[in-house]
Structure formats: C-alpha cells, structure tokens
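**Student:** Sequence order for the protein chains is A, B, C and D.
First residue of the first sequence: 1, per full-length UniProt numbering; consecutive thereafter.
First residue of the second sequence: 1, per full-length UniProt numbering; consecutive thereafter.
First residue of the third sequence: 1, per full-length UniProt numbering; consecutive thereafter.
First residue of the fourth sequence: 1, per full-length UniProt numbering; consecutive thereafter.
It is worth saying that the hints were derived from the structure and are not from the lab.
Since the model is a prediction, treat every value here as computed from it, not as a measurement.
Keep in mind that a hint or two might mislead.
Treat identical chains as interchangeable: a pair holds within one or across any two.
Restricting the straight-line Cα-Cα distance to at most 30 Å, the calculated cross-link-like pairs of lysine-lysine (DSS-like) are [what the hints assert, rightly or not]:
#	residue 1	residue 2
1	K147	K271
2	K275	K43
3	K43	K100
4	K195	K214
5	K172	K100
6	K43	K214
Number of protein chains: 4
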Amino acid sequence: MATKAKIGVLGASGYTGSELVRMLLRHPRAEIVLLTAERSAGKPMREVFPQFSPYELPTLVAIEGLDWKALALDVVFCALPHATTQKVLKDLLAAAPETKVVDLSADFRLSDTAAYAKWYGHEHHAPELQKEAVYGLVEIHRRDIRKARLVANPGCYTSGAQLPLTPLIKAKAIDLDEIVIDAKSGMTGAGRSAKEAMLFSEVSEGFNAYGVGKHRHMAELDQEFSLAAERPVTVTFTPHLLPQNRGILSTIYVRGRRGRTAQDLHEILSKFYAKEPFVHVLPFGETPHTRHVRGSNMTMIGVAADRIEGRAIIISALDNLVKGASGQAIQNMNLIMGYPETMGIDQVALFP
Amino acid sequence: MATKAKIGVLGASGYTGSELVRMLLRHPRAEIVLLTAERSAGKPMREVFPQFSPYELPTLVAIEGLDWKALALDVVFCALPHATTQKVLKDLLAAAPETKVVDLSADFRLSDTAAYAKWYGHEHHAPELQKEAVYGLVEIHRRDIRKARLVANPGCYTSGAQLPLTPLIKAKAIDLDEIVIDAKSGMTGAGRSAKEAMLFSEVSEGFNAYGVGKHRHMAELDQEFSLAAERPVTVTFTPHLLPQNRGILSTIYVRGRRGRTAQDLHEILSKFYAKEPFVHVLPFGETPHTRHVRGSNMTMIGVAADRIEGRAIIISALDNLVKGASGQAIQNMNLIMGYPETMGIDQVALFP
Amino acid sequence: MATKAKIGVLGASGYTGSELVRMLLRHPRAEIVLLTAERSAGKPMREVFPQFSPYELPTLVAIEGLDWKALALDVVFCALPHATTQKVLKDLLAAAPETKVVDLSADFRLSDTAAYAKWYGHEHHAPELQKEAVYGLVEIHRRDIRKARLVANPGCYTSGAQLPLTPLIKAKAIDLDEIVIDAKSGMTGAGRSAKEAMLFSEVSEGFNAYGVGKHRHMAELDQEFSLAAERPVTVTFTPHLLPQNRGILSTIYVRGRRGRTAQDLHEILSKFYAKEPFVHVLPFGETPHTRHVRGSNMTMIGVAADRIEGRAIIISALDNLVKGASGQAIQNMNLIMGYPETMGIDQVALFP
Amino acid sequence: MATKAKIGVLGASGYTGSELVRMLLRHPRAEIVLLTAERSAGKPMREVFPQFSPYELPTLVAIEGLDWKALALDVVFCALPHATTQKVLKDLLAAAPETKVVDLSADFRLSDTAAYAKWYGHEHHAPELQKEAVYGLVEIHRRDIRKARLVANPGCYTSGAQLPLTPLIKAKAIDLDEIVIDAKSGMTGAGRSAKEAMLFSEVSEGFNAYGVGKHRHMAELDQEFSLAAERPVTVTFTPHLLPQNRGILSTIYVRGRRGRTAQDLHEILSKFYAKEPFVHVLPFGETPHTRHVRGSNMTMIGVAADRIEGRAIIISALDNLVKGASGQAIQNMNLIMGYPETMGIDQVALFP
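Isolated chain A, as found in the complex (with noise of 0.2 Å):
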C-alpha cells in the first residue's frame, strides 16, 4: 500500500475544516495526524461536529506550543481567520520548510503588496510568502500549482466567476468593460460564527443583497482578470445570500468583442474544458442549478443568448464549500503531491 501524507488541518472547527475532514477521511493518500480549533482546544472533534462521532480523529488542539518541525507534516490545510493566517504560517514555514501549504484564507491571493494594504487596510505580515504563493484555481494555473510549497486558494465567488469569464477574456472574446457579475451564495459562505444575522430564523424565506460595490472578493478579481487580459479589468459584481447552505450560483453579463455571439463564447468554454475533469459546459442554451453540484466538486457552466444582439447571459454553479473552498484545496494537494488530480474528490453530487 502506498504510503499516506501527514495532514494537518489549521481551523478544523469551521465549515472549510469539517468538509476537508469529511473528504481526507476517504482519501486513500491521506491520514489526518492534527486538527486544531483555538476555543474548542481539548475537545473531540465530534463535539463540534457530530456526524464525525462514528469515526477515530485527533483531538483538536491549540496552534500556540505546537512544534512545527517535530510535526513534520506533509500538508497542512490552513483555515484560519484572514490575518492570523500571515502569522501562522511564516511561523510554520520557518520551522519546517518542507510541509506544503495550501492555504484557505484570503492571505496569499493578492500578489501586489500595494493592492493587499488597499483592500485590507493594513500592511501585510509576510511579504516574502505573498511573493512565493501561487494562485490556486487549478483549471487555470495547474503548471505553477505543481511546483509550489505554497498555494493561495482562491475565494468561492471568484472561482465561480474566474472560471467561466478566464478563458474568454484570455480569447479576447468578451467586452472587457461592460462585464457585470450576479452573485450568489449559500449561507455556509458566511463562515460559522455565531451573528444574529446569521440566524436560521433572520436568513430563512428571505434573500438579500450584500456588501453591494464593496465586497473584497473584487480584488482577487482585478487582479485575475487583468492578468489574463494583460491590461486592467474592473468589474461590477454584486454578492448575494440565498436561504441554502450550499452553492453559487453567478449570473454574468458580457458582450462579445468583435462580432463574437453567445455561440461562440460557448464553443471557447467547451473546447477550454473538454478534458477537465472537475467543469462541465452545458449544451447552449442550458444553465446550471446549485443543487446538481451540491456535495461535489463539479463546477457547470451555461451560455445562452440574450435577446439583445452580441450579448450573453453565462451562468455558473459550484458548491462553495468543496470547489469553492475545501475540495479545490484538495485538489491542489494532489498536484503538489504527485497525486492523480481527482482522488479522494470525485464524489458525485448529492441531489436532492
């Protein structure tokens, strides 16, 4: 049998940290030797999340005091709070520079230091790593993702829109400046803190809009867009928040560039993923719902036309805890570590 990576899972008490537990337990490369939780340090896992109770996992432990070195850890999985996460993980890499990082948080996304202050409003903690990471979003940055010791996932939103607007803006296909993006997002998005808004009974039967032009998930978006257009891309993205736990769904807006109609901006998509085994185009005309990738780490993508001549309507749908979030830093790890692409991820939608 083949020898299993030793895993750890920073921030295991959240959502990203149960559903990377919930995949790594069936992953046959993966044994999960540390979980931590700062505020529930000490306790079993199955007290902050019961559908583990059936199975055998380390108790969850505070990060303070861990020895990093003496961990020699494989991977770790960081899902730690935004900032914490700058800290942490230069402590780590500094101990034991062997252990790959594939890191959840928004900490590593923004390669420009300048845009990173702008966004989150102070200087950032570790320079040299945000220079080292690399973007995560396999489907566009696979080559890179294999040979870095630090991955940057990327947020659930703009993989919802990255995947479908990258390939058309790397094909100079679409209107660069008209692209308007719909956005939304099951409840689980919002993270598991206790906030009255947050509520069952303040979220269910009800629909909202949020953050309206001001969300910092843009940047990321700034910044992917005009890398692939090889000139600055600002777009209007508009997040919302569904009575679900699970799924984004994004609505995008374009105009195709020089005479380009929704069939062709179709024809680009499908050719782009033919072979990619985690995003499926839909025939044109058909658009995806959340509920059919619920569970797995499938993202479907749609093209129809819009009755107004050279503009398309595309829509998006992936689960924004496993391509969003957990499954996609799965799937990072299996590049880094040599492994196939899809293992321990492949599980198919749980519908309904």
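Mind docking chains B, C and D on chain A? Use the hints.
**Tutor:** Chains B, C and D alone, transformed into the frame defined by chain A:
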C-alpha cells in the same frame, strides 16, 4: 355601517386567489359572494386551503353556467390562467357591463395587439377589451385607474422592475441601452400546478435561473419603459427561482446619464415616492431584503453606488403574492370603488 | 374616536417584541409609546427590525432610569429574559400600580414558590407578585384574567399541549398516567440570541430533539394539568426543533378512560371550543398543519383514532409567536382593558 | 483489477434510483449497464437528473421487451412502484434465475400472504417469490441475506424503528404493549411524483402528521417485532413530514421491563452495535440529529431517561434515501456478492 361591495374571485384555488381571500376577509368594505375553481368545483374552500377552515366562505363553483347579470357583482378579481381569461371576461362584461374587473392574468397587460400576438403566439380574443384595459401599476397610473372598468394588474417581476426604474426613465436620468435586471423570485410565483420541477425536494437547497433571454414579462417591461421613455427601450432581464415561498428581489444595474450619480438617482426616487404608502425608499447605500416585506403590500427600494464611476446598483424587494399580485389588485379595487387606497391591505410584514 | 391605550413593550428587540409591535401597529385601541432594548438602546426600531422602516415608532431606550409613574402607561408587555423580569416588574408596579402588565417570560407562570425554586434554581425575587399573577391561557382562565393586573402569558409549548388536553382532563375522559406529548417547534421559539447552534447552516435541512426529559415547560404542564385533574399529573414531554421559522405541532398520545373512544374525545373538544374565536377543532380524523395557522392567533386541533383500541392521537397546531406568545398576550390585554377579545389579532393565516 | 458486477437499476428516474446511481458510480465492483424508466424511456439520464451530466451512463429504456436472459445481469436493484414490482420480478427471475435482486419496494417485505392481502387490498401476484424473499435489514438478518437471491429491502420508517427496538425486544428488556413511535421524515420519502401537496410552496415552512393510525409500514413493524418477541406485538406509530429533503428521526417512548432503566437499555444497544460499521450508539443522554447522517449510510441512536421512572426515550436518525433505501440496498448487494460490506457506501455525512 357602510355598504359592502359584492365580490367574486375567479380562480380561487390558486395562490393569488387565496391571497385575495385572506385580505378580503378582513377588508371592511368587501363581502366575498362568489369563489370559482374548475377542478375543485363543489368543494368547500377549506378543502383546497385549510387555513380558511375557521371562516365562512362560499362553496367553490365552476364558471360555466354562472349568470353574471343576476349575480350583479360589484367587483370581480380574475385569477384565471392565460387565454381562458379573455373569453371569460368578454362574456362577463357583456352580460354585466357595470361590474368592475381587476384581472391578475397577463391577458390585458399589453395594449398593442401585435405585441400580444408576438409574445403569446395567437390573436387576442377580446381586442376591444384589450384597448379598454388600464395598466394597473397604481403608483404610475393612478389617475387612469380611478376611472377604469377593467384593470390589468401588472406582473410580479415587472412591478419589481418598474417601481424603481420608471421614475428614473421619466426623469431621463439613466442610460436606456445598458439596463440589466437580475430578478429572483420565491416559488409561489410559479403557481400551484403539480409539476415535478416544483416539488419540495427538487427546489429546496438549490437555486437556478430559468427562461434565460425569453421570459414573457419582458413584453410588459418593453411597453411600460418605452412609454415612459417616449422611445423604444429593450432591457436585459434574467429571472431566477429562490428556495423560499415569497418575495422578489430585483438587482438592477444602470448607468447615470449626463453625470447623474447614484446619489442623484436615489434623490429622484426618494422624492417620487415620498408620499406613497406602499413604496419605501431606504437611506442611500442601504438595500432591502425580501423577508422584510413578506405578507405585506410594501415595496422597498435601495440605491447604492457601484465602484465603477457613473454606475449604480438599485435593488427592490416586494412580496410577489401581495404587491406583486393580490395586494396590488385590492389597491386597484380601492381606487376604482373610491375606498381609501390602503383599506384592507395595510398589514405590517410578517418577519421572521 | 375611542381613546387609545398607552402601551410599552419591554424587550422590543426580540421576536416576541417585534410580533407585539407588528400587531399593535394595526390595533385600533393601541398606541405604542415606549419600546425598550438594552443593547440596542438609542437605536431606531428600524435598525433592529427593518420591516418597520416605513412606520413611525419610538426610539429604543434602556429600562434603567425610566420614570414609570410619569410614563403612566396603561399596559406594559414584558418580553424580557427570565429573572430580569421579576426585578423590573416589581419596580414598575411599585411605582405605577395602576399599570396593567402582560408578562411573556416564564417568571410568573408557576404559582408555587417551591416549584419555581426547584425548576429555576433560585428563590423568586417577587413572591407577592407571583401570588397575584393570573395564568393567562384565555380559553381556560378567561374569567380570572379579566380582573387581573398582572397576567403570566403561557409558554408556547404548554399552550399547544393545554388547549387539547385540559378539557379532556377536566372531563375525566383520559388516563392521566400515560400521556405522551411529542412536540415540534419552529426556530423562532429559541429566540434571537446569536448562538452557533441556531445558525441557518446548522439548522437547515435537519431535525433533532433537545432537552430530552428536562425541559422547563414541564413545570407549567404539571401545574396546569394537576389543577385541572385535582390530583398530581406528570406527563412525558419531548421538544424538537423544526427547520422552519414558526409553528408548534404537538402530537399527543392518550388512552380513553372508562371506554371513552377517540370519537368521544373529539366530541368533548368540539363542544368545549364551539364558540371560541381562536381555537378550531377539525372534523374527526383530520389533523392540522402548522402552515395553516402561520402568522395568525388560531389554534387548530385534530383527533384521530389509533389502531390500538382505546387509544387516540390528538394533534394541535399553533404559531408559537402568535397564539404561543404575542397574539395571546394581546388577547389578554383585550380582556383586561375591556376591548373586544379579537381586536387587532384577527389576521387570517399567511399561507403559503 | 477485480471483475465488476453487471448491474441494472429498474426505476432509475425516482430518488432511490438516482441514489443508487450516485453510489454505484463510485463503487469499485459495480458497472451500471441498464437503467429503466417508463415515462422517460429514450432519454439520457442527464435529462431526468442533471447532476449526472458529467458522467457516462446508459440511456433510459422501458422494461417491456427487455431480454433478461441475454442481459445476464449479476444484480438488479428494483425501485419500481408497488405491485408492478411483483410482475416484473416474476418474469425476470423466470428468465434469468441466476440474477440476484434487491427490491426496494414493499412488495416482498411481508412474508405472510394474508397480512399482505389485508394491508395492500389484493392477493400477491408472486407468492412463491414472497416466500423466498429475505427481509433485508442487514444488522438483524445478515446471515440469511448472504445466501439470498431475492432481498426485500426494508422500509425507511421501519429501519429507523427496528434498529433501536429489535435488540431491546429480543433481550426482553421493554414492555411490548406501550411502545409509541413518533416518526418524522424528510420529503424525499414521499417520492418524486408531481402532487400538489408536495410542491415546495405547500411544504416549506410547515409541518404535519399524515396517515395517522393507518400507515402501511406498520405491517412491517408488526411482522418484525412479533418475530423478535416471539409473540404478537402492535405498536403505535405516527409519521410526519419535515420541510427538509432527507432524514428520518424516530422518537420512541418505551417502558423498561423488570426494573430495566434507560441506562440498561443503552447498554444493550451499545453492545449489540459495538462492531457494526453503520450503526453508531451515542453516549447515554445524547440524542442524534438527522443532519449528521445526511447522505451517509450511518444510523445514529441515542437513549435518554424520561423523568417518569422506568421510562426511556430512544431516538434514531438515518438518511431515508441511504440507510433507509439505496445505501441499505447496496449493503445487501455487497453481502450477496461477497464484497466487503462497506464497499461504495462509506461516504461520510454531508453537513452542513
């Protein structure tokens, strides 16, 4: 005590029908004397809607064979399916020309017979009535409605788009060629017919767009926006289905004309609706939730600036069954009958 | 026009508070002059409950420093947390002995000081008021409530169990030693405090029991059932949490005494409630849904035969925030103030 | 690589069908070669279940005209409606006697032809097969299942009641005449047929009992409990419908025999299930949530003491589509085929 209007509800076994009954049961000037339902004819209302068990209501009857003249109804609310409506109302108004009608179907919303034929695929069966009908969005057409005999109650999506956009179009404050309306509706908007795609297990925990580029409500938007603009207007409109019963949220992307900023647009709307009892414009930068208008006839509108200069994001929320259908219909009745406009429809939203 | 009662709502930032405000805003004899909330003191009501944005309401204030005598309130609704209530009401009634109080907490429901101390772990802070307080389940204690100054509004679960059971116990129609009450409540019953277990993502798409064998509402059931039976009664009671906002359904298993059949029990309940405006007994064999009482002050009761001879299954449904809390409280106010009992609380259920 | 079993799924357009396909697609020893669906015959599976769009699957075909002998299937899962099943399986096993069958309908669960005729209202069409069929609750009948050709997969409600109760009945630890089972199921338990009562808007935000005193699953409970008790047992059973897709929670009220306490019952269950991979008994006093078994083949059981001495409250949770149907069915296949029992059905629950 003031006399009560004798009221008939045609199509009382659907959701707009039950909403009419819910509100009319508590309307001081309304007496429900006729309820029709074809397949459920002969049943008591409590069998099709058990919430009415404690109340006295007429037994459901079929329309065929009704003597409209003898019934001498003051007001008829017509919540019948498309096309059936035309025939029924033609007969009804021929037999009882004094009866006032508020029609909740799409049959009389388009004043242009050619537009009707194009979108609905057949000639209109009652073209004279089509001409007579007044489009019943009270805040825009109040004066005409007061004098009407036949009011075409607007569509739920179109109300959510017109209330924020029509005043801006009239004020020539926005670019007419770049309007994008991304609308999300609760499931009651899809009606009560038993279809697989509307089963709880198909809908819950999921979200999707539908009718992309094709929805018939666009015909109504074209008509009303072109009328307001005094030139043809064609908007981009995408409807989605939310896993919740009630509520439409419309996220609308516009560009200000001649230097108009988002704040300018907010000011135009605030003034326009300052005295309206059923439209509430939130402070600049705040945006509404569907849950805060649930069960009420209120529409809330918010305006925020996009980060791209000159662009604004406008969001409206209403309850598709109340302001988007039956509440609006009673508001129309109140105008026609000379009752106080808010009578019977002033319930405060039910949240949570 | 009739004069209006000057009303204060203590604890207006919780769900029972907002429900009181929702209904009092449309109560013809009520004028809200005071709204309190400790942490939100100084904020307008619209900030804690945006559905009230379109209405004029007093700004939220803290209780400390209020001059109860000068305020000269006619009625105070107290929706404060357990224990706090005792102290506040003691002060209030000392300063303003003419004010009538309807208390929605559990503090004055138990008339026995020993029972109180046992279930709540400390001596009562206002034992004289505890004696004075009248238990406010209108259909059972209407006569006493009319004369009361301080009414203890019943618990939501206990209302759902008492309305079907108390008449049967009084009629000596059921075996007192084998009553099983399996109750299921919507999430608003758990209040509005920000707890992880109440987050949307923790609750949605799931169901569980809680407080098994321990829930404090059993103290109230013991008291009221023993009173009705004129001997001690102890029932089995298990509460559960439903993934929905509103509604309590209680499934109650009983055995008829002395040959009483399920039909006999149905007849007793039908007669008992024949003239009650807020309790509706369904035809024999039909059982109620929580959705059909949503937002209304109605309780529906159904009785069916078990297949085991002599046993019956009785099911009641009510809205925990209305008949289980704020609607019941206004019903109590109406009695105390001599208003028509249904005034301001006769809304028809909101379904769907 | 080990050979794969050639598998057919009859009735693949329903929810138990799609769950079989979901798990079989990732089962190392399964190859799906036949999918049937009557009304959808000729369609690709992706049209009836879009979550399968990215996977290769056989096109749906009708059953009529299939050559069972030529198909030479190793295993058939039959997810057809009641009664149809008997005829289809009679033909199938006559033509292809080597094929193993796991039947998910109720048709072969009752071994007594008289009981069958009584509950289902007609004579059984395949009485010899009825005799041959083995009742497929693995944890109770594992030995017999290994040798079976035709397994009758148990009902979802009955699995939730039998797993906690059968070991206690066998141990003669509980009173057999006072068992009350209050069961609550997610909506997928009601199937996928388009009925008004199952529409999202009819179900969401509400809860109700149904089939009170009459549900057919009681026939199965009678059979299995009487078998375990070696005397006739009749339980009280009430099913309810939850506004969620998946999950059955059964709250069971029992009285210990001969001084058996709740702790004693907990100990019996803990021992009985100590080595079972798919039944997990929680620590005494803890009770399970349906959400923590969602999408998995796990059943969780909790035992708590009632406050009435000698009585216990036992709660079980399972996913009605997995352990309550398709997961159990594959567990049965694994036994029949000599595969490891957990193969292909060891997914960890999807929460949140």
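**Student:** Against this structure, judge whether each hint is valid.
**Tutor:** To see whether the hints hold, each was checked on the structure:
Taking the closest pair of Cα atoms, K147 and K271 come within 30 Å of each other only inside a single copy of the chain (26 Å); across copies the shortest separation is 50 Å, beyond that limit. For a Cα distance limit of 30 Å, the shortest separation of K275 from K43 across copies, 24 Å, qualifies, whereas the shortest one inside one copy, 43 Å, does not. Within a single copy, K43 and K100 get their C-alpha atoms as close as 26 Å, which meets the 30 Å cut-off; across copies the closest is 46 Å, which misses it. For the identical chains of this complex, K195 and K214 are neighbours both inside a copy (20 Å) and across copies (27 Å), given an alpha-carbon limit of 30 Å.
In this homomeric assembly, K172 and K100 never come within 30 Å of each other (Cα to Cα): the closest approach is 35 Å inside a single copy and 57 Å across copies. With identical chains, the CA atoms of K43 and K214 are at most 30 Å apart between copies only, with a shortest distance of 25 Å across copies and 38 Å within one.
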